[in-house]
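Residues per chain are reported as follows:
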Amino acid sequence: MALAPAGEFHASYRADMTIFPTKNSRRTLMLGIFLLCFAPLVCGRYELGLLINIGFLGIAALGLNILVGFTGQISIGHAAFFGVGAFLSAYLHERFHIPVILCIPLAGLGTAVVGLVFGLPAARLKGLYLAIATLAAQFILEDFFARAQWFTGGVAGRMTEAVELFGVRFDREESYSYVVLVFTIIMFVMAANLMRTRDGRALIAVRDHYLSAEVMGINLAYHRTMSFAISSFHAGIGGRCTRITCFSSASRRSTSCSPSSSWRWSSLAVWAA
Amino acid sequence: METGLLFQLLLNGLIVGALYGVVAMSFVLIYKASQVVNFAQGEFMLIGAWACWWLLTYWQLPFWIGFPVALAFMTVFGVVLQVAVLRPLIGEPVISVIMATVGLSIFFQALMKWMFGVFAQPFPAIFPVERINIMGLEVQSVYLLSIALSLVIMLGFWWFFTFSKHGLAMRATAFDQQVAQSLGISVPQVFAMSWAISAVVSAVAGVVVGVVSGVSSGLSFYGIKVFPAVILGGLDSVVGAMLAGIIVGVLENLAQYVDSQWLNWGNMTNIAPFYALIIILLIKPYGLFGTKNIERV
Chain A
1 MALAPAGEFH
11 ASYRADMTIF
21 PTKNSRRTLM
31 LGIFLLCFAP
41 LVCGRYELGL
51 LINIGFLGIA
61 ALGLNILVGF
71 TGQISIGHAA
81 FFGVGAFLSA
91 YLHERFHIPV
101 ILCIPLAGLG
111 TAVVGLVFGL
121 PAARLKGLYL
131 AIATLAAQFI
141 LEDFFARAQW
151 FTGGVAGRMT
161 EAVELFGVRF
171 DREESYSYVV
181 LVFTIIMFVM
191 AANLMRTRDG
201 RALIAVRDHY
211 LSAEVMGINL
221 AYHRTMSFAI
231 SSFHAGIGGR
241 CTRITCFSSA
251 SRRSTSCSPS
261 SSWRWSSLAV
271 WAA
Chain Y
1001 METGLLFQLL
1011 LNGLIVGALY
1021 GVVAMSFVLI
1031 YKASQVVNFA
1041 QGEFMLIGAW
1051 ACWWLLTYWQ
1061 LPFWIGFPVA
1071 LAFMTVFGVV
1081 LQVAVLRPLI
1091 GEPVISVIMA
1101 TVGLSIFFQA
1111 LMKWMFGVFA
1121 QPFPAIFPVE
1131 RINIMGLEVQ
1141 SVYLLSIALS
1151 LVIMLGFWWF
1161 FTFSKHGLAM
1171 RATAFDQQVA
1181 QSLGISVPQV
1191 FAMSWAISAV
1201 VSAVAGVVVG
1211 VVSGVSSGLS
1221 FYGIKVFPAV
1231 ILGGLDSVVG
1241 AMLAGIIVGV
1251 LENLAQYVDS
1261 QWLNWGNMTN
1271 IAPFYALIII
1281 LLIKPYGLFG
1291 TKNIERV
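For the protein sequence lines, the chains are A and Y, in the order given. Numbering (this note's numbering) for the first sequence: 1 to 273. Numbering (this note's numbering) for the second sequence: 1001 to 1297.
These are computed hints drawn from the structure, not numbers from a lab. Every value quoted in this text rests on a predicted model; they were computed, and no experiment measured them. Even glycine gets a Cβ: it sits at the ideal position worked out from N, Cα and C. Any given hint could turn out to be false.
[Unchecked claim] Partial chain Y-side listing against chain A, Cβ under 10 Å, derived:
#1 Ile1185
#2 Val1230
#3 Trp1265
#4 Ala1276
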């Protein structure tokens, strides 16, 4: 059985903090990932495109889940961070000729910084007020995208190069799905591990009862803004992944950010939660 | 520097700001009564404006009949919406309620586009005189109507909450639902009433904006601009909402003036309020008149 028996029977902290409750649950997951590796051989173009979509939406929704689900903060401006990640990676590559594979984490970090800036109100706010602050972030960033031609390439969008590693170009759905798969796994492992660390548990404490958390010595402002940054990091990586497959011409794809899609992400996270 | 332009813009700001204030008041009304942040406030305006437009053009009704009929429709609409969508969500987490109203907003916007098309439709002429000259400033007569209507609505709100039985019941509910209930106030009725009033008042603003610049889905952006206003005024202050609406209206027109004279960035009208919003949240999170939330363990 892949499921743990009903009730909590953990006798040690180690058992409590493990990612996989049973051995079989780990095996099932491994098997699933193993099978996914063969997807490009079996599936058609369209199904692969869907799988890629699932991958990066999963990454973005995971980021939102860290923010909404684990820290209990509401963000309704997440699509803007998504867009920042996409544009930033394309810009970094075109302007500084950084290899695309490096651009992806860099874009994630850059988005984290942007998220940090817009998450600053989170240090003092919570609940509805914070939700409205993120709404403002959404509009400000969108306006910035429309205004900053040098960054986003204006209305036409910016072209992104395909990922290239060791002389192999991941420019088709078949090969690109592996890139997305790898990133999805990395991000999910990171998130799962985050929740086992001191900071991750602090986030959960902030969500459950922030006053008690503060009394226990958790720095509220620090953890709230940090969760914003981590969440934007995920959104940025997810955003970077989506844009490559935006229009499936062979290697050059266009980047554009749709306005009200952030509300779709939010509904995604509510689903997930 | 063009002083004429500045004054014109300031006047515009006052007028548009009064409209923001009215919509912000109806937003605050819902928040105060039922603790729901309504992201579909702009769609209330949109629906009201389209309903009125439809009555006036399709049925060829005169304005003084079509307008009240549209408002009556909005009353029913507000009540039905509250009972059908929001009532089952009582007691659910904040984010679920927010997502529900966001969903409502997207749904109604799409519905209105589907029913009435995507192009802006002009209202039939309501006033014989298009513009009036006041001290050298051109003012559309509709704007005068809107100022008058805003004042009437404000006075109405004041009377309603100070003297009328229902208004007092609403205030009692906002203060403490359990106590209100034990005093014989029907809380569900108060909720429904607050949504109905909010829908009607927003629809009035929607019709005014529609008469000025035509009805189109762009109208619902007013509902988003209301957020800077309510944050500045404080989420739960009706007076604050009104004042802050005017401030935001003047602010965005000032920003446009500064922009057109010196900066030339463009689009400042729409974005300046959101910059203001972030700054206000950093400095004074509970706004000018909002209740400070004191929490105890």
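Hints, one by one, checked against the model:
no.	hint	result
1	Ile1185	25 Å, violated
2	Val1230	8 Å, holds
3	Trp1265	7 Å, holds
4	Ala1276	9 Å, holds
Of the hints listed earlier, the one the structure fails to meet is number 1.
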